[in-house]
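Chemist: Chains as they are written, first to last, in the numbering used here: chain A, 1 to 166; chain B, 1 to 310; chain C, 1 to 334; chain D, 1 to 665.
Hints are not guaranteed to be accurate.
Under the rule of at most 35 angstroms between Cα atoms (straight-line distance), these lysine-lysine pairs were calculated in the DSBU-like manner [unchecked claim]:
id: 1; chain 1: C; residue 1: K124; chain 2: A; residue 2: K142
id: 2; chain 1: C; residue 1: K71; chain 2: D; residue 2: K41
id: 3; chain 1: D; residue 1: K478; chain 2: D; residue 2: K348
id: 4; chain 1: C; residue 1: K255; chain 2: A; residue 2: K142
Hints were generated in silico from the structure; no laboratory data involved.
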Amino acid sequence: MHSENQKHDFEPKIIAFVCTWCTYAGADLAGTSRMQYPSNVRVLKFPCTGRIDPVFILKAFQQGADGVLVSGCHPGDCHYIAGNFHARRRFAAFRKLLEFIGVDLGRLAFSWVSAAEGGKWVEVVTDLTEKVRAMGPMVEFKDLALEEQWSGVINTPELQEAYDAI
Amino acid sequence: MPLTSQPIDTSIYATITAAIRSEASRLFTAAEVVAIIGYAAARRVGSAQPVIITDAAAAETLIFTEACVNNLAVYLTKAKKEIPKKGKIGIIVKGCDLKALVGLMGESQLKREDLYLIGIPCAGVLASAVQPATTLTTETIASKCCECDVHLPLGCDFVPSVTLPPGPQMESRYSEEIARLEALTPAERWAYWKEQFAKCIKCYACRQICPFCFCEQCLCDRNKPQMVETTPRPAGNTAWHIVRAMHLAGRCAGCAECERVCPMDIPLNLLNRKMAKELKELYDYEAGFEINDKGPLTMFTEKDDQSFIK
Amino acid sequence: MQKYITQQNLNTLIDTLIASGTRVVAPRMSAGIPLYEPLDSSVEMVTDQLPRRSAKEAFFPVCEEIMSYEKEGQQIKLTDIDPARFPETVLVGVRPCDAAAIPVLDAVFSWDYKDEFFLERRRKTTVIGLACTTADDACFCTAVGLSPAETRGSDLFLTPLNGGGFACQSYSEKGEALISNNSALFSEPNNAAPLPLAAPQADKIDLKKVKSWLDGHFEDPLWDGIAVRCVGCGACAFVCPACHCFDIVDEGTEKAGKRRKSWDACGFWKFTHHASGHNPRDLQPKRYRNRIMHKFKYYDDKFGQTLCTGCGRCVRVCPVGIDIAAIVEEISKK
Amino acid sequence: MSRIGVFICHCGENISRTVDVERVAEEVGRLPGVAFSTDYKYMCSDPGQTLVKKAIQEQKLSHVVVAACSPRMHEKTFRKAVEAAGLNPFLCEMANIREHCSWVHENREEATVKAIDIVGMMVERVKKNRILPTITVPVTKRALVIGGGIAGIQAALDIADCGHEVILVEREPSIGGHMAQLSETFPTLDCSQCIMTPKMVDVANHPKIKLYTYSEIELVEGYIGNFQVTIKKKARSVDEDKCTGCGVCMTKCPQKKIPNKFDQNIGMRTAIYVPFPQAVPNTPVIDRDNCTWFKTGKCGVCQKVCGPGAIDFEQQDTLIVEAVGAIVVSTGFDLYTIAEKPKGSPIKGYGEFGHGKIPDVIDGMTFERLASASGPTGGKILRPSDGKEPKQIVFIQCVGSRAREKGISYCSKVCCMYTAKHTMLYHHKVHDGQAYVFFMDARTPGKSYDEFWRRSIEEEEAVYIRGMVSRLYQKGDKIVVMGNDISVGVQVEIEADMVVLATAIQPQKGADALAQKLGISYDKYHFYSEAHAKLRPVECATAGIYLAGACQGPKDIPETVSQASAAAAKVMTLFSRDQMEREPIVARVREAGCVGCFACKKVCAYGAVEEKEIRDRQGNLIKIVAYVNPGVCAGCGTCQATCPSKSVELDGYTDEQIIAMIEAL
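For reference, chain A alone in the conformation it holds in the complex (with noise of 0.2 angstroms):
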């Protein structure tokens, strides 16, 4: 189990996404049951991950996530009958996607993670953390959220040195 008192270099920022009836609650569990896991996980609660839309995954990363985690109930679990279906081969399109584009796969992990396996949660979320951690930062999205059309940038730090060079 990990220990909090390790001091590192790098706290990654993950955000879960998890459905309410089995992950949450097997988060919950983990609660109950006083196991650890890393403090870095920021988990925001859908009814089912069948309500998962893609733009989240997008905008968690935008936003500074350096990994991200969706994670649901088992297939044949699902509250809503086939919601964890659907979002499986939706998510199993959009991870190829990122890939595409240049997204590193082990940054946005994904977990069937029933309410009954409080242990589950811990390993997943302990994995994807020390996963991330040992990748460093999600820089690609922050820098391209810095980075302006030629045009619109007021003033570059190596045109601010050449004025000061004058």
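Starting from the known structure of chain A, fit chains B, C and D onto it as the hints suggest.
Modeler: Frame of chain A, contents of chains B, C and D only:
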């Protein structure tokens, strides 16, 4: 390896032009259609533009040449409110265009019985960057035509009876480029797309020309919430192109209009082809001539691949 | 002031300017297409192809920040952009059709409201025009009364000469200052003949006649006829050297964000979409009509100028082959 | 600007031990829109709730965030409290800083930072929460029961006894179903008819039950609480109002040699007939395919002999529309027709065991009719071929069932028990006979079931052979049955006089077509699917439709009756109020943006999405858009994630709320 440029025989296009003119004329005379969406010559030498004609007299303006690049299916979507949809409409379709029409029927946007399909046996059309007055060769041909498997549209109401001459062997531009990109590292691919998307000016030509972007209110135009940055900055551009590719996944029929019309030459169809390739591998889905009730991302099977899920 | 400059000295001039901290913007290849962009070195400059986008973005950026906000507690902090921070810029190799559009834009940006974002960039930019030697059948500067040697809008104008180098004529103090500050690179004019200039096939159109027809034909079947094929994208407006509509949006989160100004186009359905849901230009023909009206009537009414320089970019990029030159010609014959 | 109140709970020391709650309250208090923030030892306690309520009123709060335990624990508590203070309950959100924070992190600094983030996220979310009114749907307190076997009868009687009207529809001329065919029932060996027929009569006499026999469901429209059902009442050719059930017509009918389906075709009936003497209703029906009048236009004997003049050759099928609020589906089962492969059946193995070729190879239901006192043999076990009493009888279990390679992988559940019963009945009736049973396993989980099975061996002398039959053939008037006894590993060969096959239980033919009319789902065998295998075993995913009996899967009588009563209880729960209330977490369509691609409809597992026409004032059709029926929507939100233009939105989980949360991080 690009092959040396070879000419492509388009001599049948003259026969096709004559055939669609007489069929159009017949359709109006017999009052079978109220309008026909086709192509007509424009000012620039060799150029063609979409036209919507409503009488037999105008049938003589219809043409089919290697410059008839447009997918006219876009004019039948809800995005085009200007075109009254009263009565049967005739439309000239290449194989690739027909796939889009079939997709639109599957998405309740069109009904087969409202259309009169004039199919074109097609040897290929020009790519976007070239001038209209260019002869069609293995070099000047549109990339989508290089990997075309629907030279002859099926299930049309009328197809000019011509025999397609055998075409020269062509390179598989998309497959090769996708394979090249797939072989790169994520960082290299990111760098590639970053440079491409940086050019984007959000003119939305890709969206407006796409038969499947028929939403009246695009998600990317909304500001409550702002799902995607609307300004043409690198961040918003990248988000837009990711969302666009995702929304077309499992729907795109491969007409490559998005890529053709991009004034900044962003290879947009690469994204669509990549998604098509993945959906083929994952769910054995391909856009075709059969109207499907559900697309690959609106259905599922219990046995779908989940090797990526822990 | 008339001078001569060799290609090599022009390159030296560019590199010297870059080294001194001036931003030099010129056509260069960017991800496969020619665009006006800041150069890292003179060798990047390409002058044999028309850039896909016009030079207007040097003054009127694709997207720029005009303000930012931050919220903390119950306080909201606003920060304005200081135009004084805009960089000194020299635009090199500007096509006559692009340069000619700049004074046209001056009119609207310094009308009742003085747009400091545009005007300050304008003040800080020296425009070096370059006579045009190639044209295709989309070019029609001659139809709207300009030419491949049009010097309007240029501070300095270069004409390529037979045997190399450029004849160099200044048309403003900025142009003259550029020459005098770098006088060693310029020499006295020689007698070499200019290279043959481009010869667009378009005949001159009587724009007054066009305007007078437009004056009386707000409603006309012509609009439906040509614009029914328009798919409502913004490609024509965005590549146009004279179109200048923009949108202002706030982007950011609840805590902080920026107000940005970016290009907009009258072809978009959302352009005139009211908050009420009503849209006065609800159909595409009405939107396309506005494009023609604005270019050949409204701008003339207001500023006595035509909002088109015949660069032909919109003709080349239109996804559905709408040809503004053909339309204006048709109107002129009515 | 919003005036948000944030309430941080210590949970005794459960939260405050690792989370610096004062610091959380202080930092969160600085977030834009937060007007009030405080911490308290037990927020869920009475004083804690009072604190929240007071703050809402005194601080004029517009929204509330309670940072405490999991919303799964106390969301309802705090929403109620907020509602009591005059705010819409859906303007209150919980931030989970216990299960998701203080209990899983030891480091105080890290836990505090995370708690601030979690609360900050919920503050941004709650700003975008909308007032959601509770959804009410009117309920028509009439139930439809489809299928009049024991399941349908039980459900109908339970609902009707509760005082609600019931429409009971049965496809056959009489109710009773398969149970009416059985001789005795396990594990008590009660006579089936003795316990069944009184219930059938109860149905017939019940003032609240409207019975439509010889009728089928034509069309089902509407949704929970508000279904419109069209029933096709097939022409009986007998006027039910006039017929007294005297039966003279049947005795006089010249067509007497028609195999009676009720007797598994081993007994005969007339062309005008009731399937069995105790039929309910006791009104005959003319089998037009076999009636001389309908075939040749001559005869008409029944009409001549009918005193009340009830015979009506001109009668037509009629359509009846009934409005109901709930539907119980109890269409039961059918036996695997091993003799003959139905058209298009994906199942292999038809024609095995000589069934259909060797007359003395029969199925279990035929044995029931032979053993039944009211059956064609009067309860004597006699071979169909020559009417002799079989002295050696072989029973073969799992015929079709549990044969994955042939297409049916499930266990038919009742065969072990009824085969044991058959061996007993046989032994009771043929004292000197010997019964053999080929079986794979004996599955006897049920009250007194294993004891019953053991009795068949220990007291009734049945010989059980563990193994499957490998070959079976006719030899003279014997049937040679060869198999392997795998428990001792020897080849067994029995010269039997009769063979009884325990064929698999399958759903009724046409179960799929009915499911499509009802909009309910079914599995690959066409058994109807329950909403949740464990927790909602009698409800369909489609709200307002419930399942009873073998149409959902193989079941014995006690289980069927229990499920029928459970389904009835569900119906009665629904009928307990005039209006059905439900949480307003449902999807809504923004019609202005909808272009009618119906991707939402394609992914909706509940059939909640309908097509709606939008017309202008002149009545011209403008477009067809999606409409989400709030009574049917379950609130999963799959439609919204699928909608390309986001023109359908799930209340409580809107894009605005979610994006606000992501942006808060």
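Chemist: Are K124 (chain C) and K142 (chain A) close enough, with their CA atoms no more than 35 angstroms apart?
Modeler: holds (31 angstroms)
Chemist: Is it true that the CA of K478 (chain D) sits at most 35 angstroms from the CA of K348 (chain D)?
Modeler: With Cα atoms ~27 angstroms apart, K478 (chain D) and K348 (chain D) stay inside 35 angstroms; holds.
Chemist: Does K41 (chain D) sit within 35 angstroms of K71 (chain C), going by the straight-line distance between their CA atoms?
Modeler: holds (31 angstroms)
Chemist: For K255 (chain C) and K142 (chain A), compute the direct alpha-carbon distance and say whether it is at most 35 angstroms.
Modeler: Given that 35 angstroms is the threshold and the Cα spacing comes to 17 angstroms, the pair holds.
Against the hints set out earlier in the document, no violation occurs for any number.
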